[in-house]
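*Asks:* Chains as they are written, first to last, in this note's numbering: chain A, 401 to 682; chain Y, 2 to 312.
Honestly, the hints are just simulated from the structure, not real lab data. Just so you know, even glycine gets a beta-carbon here, dropped at the ideal spot from N, CA and C. Some hints could be false.
Said to hold, decoys possible - Straight-line Cα separation of at most 25 angstroms, DSS-like style, residue types lysine-lysine; simulated pairs:
1) Y:K244 with Y:K188
2) Y:K178 with Y:K21
3) A:K406 with A:K670
4) Y:K43 with A:K535
5) Y:K228 with Y:K307
6) Y:K21 with A:K535
To be verified - Derived coverage of chain A by chain Y (criterion: at least 3 residues anywhere in the stretch with Cβ under 8 angstroms from a Cβ of chain Y; other residues may be distant):
7) 433 to 445
8) 500 to 510
9) 558 to 566
Each chain, letter by letter, is given below.
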Amino acid sequence: MDALLKKQLEIAATKVRMGVIEGVHSAKAGHPGGSLSVADTLTYLYMHRMNVDPKNPDMPERDRLVLSKGHTAPALYAVLAERGFFPAEELKTLRKIGSRLQGHPSMGKLPGIDMSTGSLGQGISTACGMALSGKISNEIYKVYAVLGDGEIEEGQVWEAAMFAAHYQLDNLVAVVDNNGLQIDGKIDEVMSPYPIDEKFKAFGWHVINVDDAHDFDKLEKAFNEAETVLNKPTVIIQKSVKGKGVSFMENQVGWHGKAPNDEEYAVAMKELSDHLAALENN
Amino acid sequence: MEKKATRDSYGEALVMLAEKRPDLVVLDADLAAATKTGTFKKAYPDRFFDCGIAEANMMGVAAGIASTGKLVFASSFAMFAAGRAFEIVRNSIGYPHLNVKIGATHAGISVGEDGASHQCNEDIALMRAIPGMTVINPADDVEAKAAVLAMADYVGPTYMRFGRLAAPIFNDPATYKFEVGKGIQLKDGKDVTIVATGLMVAEAIEAGKALAEQGIDARIINIHTIKPIDREIIVKAAKETGKIITVEEHSVIGGLGSAVADVVTEECPVPVIKIGVKDVYGHSGPAVDLLKEFGLCAENIVAVTKAALGR
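With these hints in hand, go ahead and build the complete structure from the sequences.
*Replies:* Structure follows, in structure tokens:
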């Protein structure tokens with residue numbers, strides 16, 4: 401990846417992380433851990449890869465993204481704001497009465513939300529429907545479905561996995577955000593979904609493992625490879641760090657669904673703004 | 002009287018619809034031969050997609066297709082469409098208010114020999130609890146076809162209930178008009194009102210004739226749209242006849258009877274006596290025998306009505 405583009409994406413992703421912390425702190429609730437682990441991927445997709453137009457959010461030929469791990473909506477909202485779908489100021493209304501930023505994504509309320517999600521395991525099925533529809537009418541759009549690693553414990557995910565391979569949905573790319581933690585603890589201790597790659601392979605998917613979901617070069621390589629796959633859906637299984645970018649949240653299961661208090665908020669924002677300044681001055 | 006199962010009407014109506022709606026897509030979950038989407042599959046194989054035995058995923062796929070602007074019907078037995086997939090219907094279809102038509106067949110006790118595991122007497126209750134969901138339960142071939150064609154033009158999530166058992170065709174295709182949300186008064190009457198839906202409408206008509214012979218003037222109303230329900234026709238009946246008997250091939254909890262009682266208790270309290278499956282499971286047996294056993298027949302409607310009137 402071009403060095404300038406990479407830097408621009410790193411700057412955008414840092415702003416997205418600040419948006420996540422801003423929103424969750426303002427709401428006094430929400431899911432910062434998984435939002436931070438998936439922030440780089442969503443930034444990469446919306447800021448670089450996807451064909452979307454903030455001025456025409458419903459254009460029929462747009463690429464679509466279903467945040468199947470809907471509880472990490474704060475990251476999606478921050479990315480959409482960064483991309484210009486709505487003012488970043490609105491991130492502070494997260495989870496509040498009258499806000500378009502519902503606790504979990506609600507389509508029709510907020511521009512840029514392609515599907516209502518939140519109940520785990522359902523988004524991947526809706527993404528399959530979008531991809532099938534594109535195939536039926538020979539459209540060129542891509543569909544991205546972003547799943548949590550705990551989420552794939554839901555049986556419906558595997559119904560969808562079977563469906564996508566059966567109908568050869570090569571316009572569908574699923575991402576499994578493998579941060580290794582779910583509410584009750586480590587995923588391999590709660591209910592191990594491993595080996596994730598072998599499972600998808602057995603279901604007929606093209607599998608790409610990414611060992612660092614916070615490296616834009618590696619994300620670019622993976623999504624480029626997905627683009628070349630024919631007659632099969634692709635899954636990108638990305639090793640990520642829950643809470644990435646805020647030192648005291650990293651790899652801490654306790655930050656799955658908890659908002660920072662004022663003091664923690666200040667520390668997190670200082671870390672992120674220092675990081676942002678370093679990137680911008682470099 | 003000629004008879005046809007409304008599931009057959011459903012399959013035929015989909016084929017009729019396909020000609021004028023090139024965006025129509027039909028999904029099924031390995032029951033196409035039984036739900037009669039197989040009729041559509043045969044005529045339009047390119048627009049039919051089997052989802053296999055995976056109803057939860059099918060409902061999500063339907064939601065995704067609808068989000069791209071196409072018209073989609075998703076079919077299975079009522080037990081699995083409304084029961085197994087309930088939360089997917091609620092969250093992926095209902096909550097975003099997507100234009101998915103759920104065609105659920107083999108509803109009610111008239112499934113017959115398959116027994117209680119497949120006799121869904123709870124689907125109306127489940128589906129009418131979902132905000133924004135329209136619930137349709139047609140009574141015969143004419144009404145079923147008209148309902149499918151009409152609901153294809155209506156934008157919004159819709160649950161349509163069809164039966165396995167052949168039902169008498171009492172509507173005249175030349176004059177019948179389906180209007181969503183509008184009840185149909187089949188016979189005027191002043192002593193009592195019998196409100197029926199689906200397979201029970203033909204039984205209510207028969208009961209009305211028998212009651213007339215015994216000097217009881219019963220009003221008969223067909224409610225094909227259980228949600229949104231026709232409040233006007235129900236309130237008028239409550240005011241003018243003073244007593245309502247509801248008849249449905251569904252649990253007495255949460256179905257037509259409950260919907261009618263909701264209206265009546267709010268606007269014109271009169272007794273509402275519910276005929277339906279009384280909070281029990283069914284069991285195996287020929288459909289017609291089961292309907293008799295569970296009181297879902299003209300004879301029992303007559304008996305309950307007479308008892309309600311103290312006659």
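*Asks:* Work down the list of hints and note, for each, if the structure agrees.
*Replies:* Here is what the structure says about each hint:
Between Y:K244 and Y:K188, the direct Cα distance comes to roughly 16 angstroms. Compliance with the 25 angstroms bound is thereby established for this hinted pair. A threshold of 25 angstroms between alpha carbons decides the hint, and for Y:K178 with Y:K21 the separation of about 19 angstroms falls inside it, so the pair holds. Under the criterion of a C-alpha separation no larger than 25 angstroms, the hint pairing A:K406 with A:K670 is consistent with the structure, at around 23 angstroms. Distance restraint check for Y:K43 and A:K535: the Cα-Cα separation of roughly 20 angstroms lies within the 25 angstroms cut-off, and the hinted pair is therefore satisfied.
Of the pairs offered as hints, the one joining Y:K228 and Y:K307 is violated, with about 29 angstroms between alpha carbons and a cut-off of 25 angstroms exceeded. Among the hinted pairs, Y:K21 with A:K535 is consistent with the structure: their alpha-carbon atoms are about 21 angstroms apart, no more than 25 angstroms. Chain Y is given as covering the segment 433 to 445 of chain A, and this is violated because 0 residues of the stretch bring a CB closer than 8 angstroms to a CB of that chain, at least three being needed. Against chain Y, the segment 500 to 510 of chain A contributes 3 residues with a C-beta closer than 8 angstroms to a partner C-beta. That satisfies the three-residue criterion, and the hint holds.
Remark: the segment 558 to 566 of chain A is confirmed as covered by chain Y, as 5 of its residues place a Cβ nearer than 8 angstroms to a Cβ of that chain, reaching the required three.
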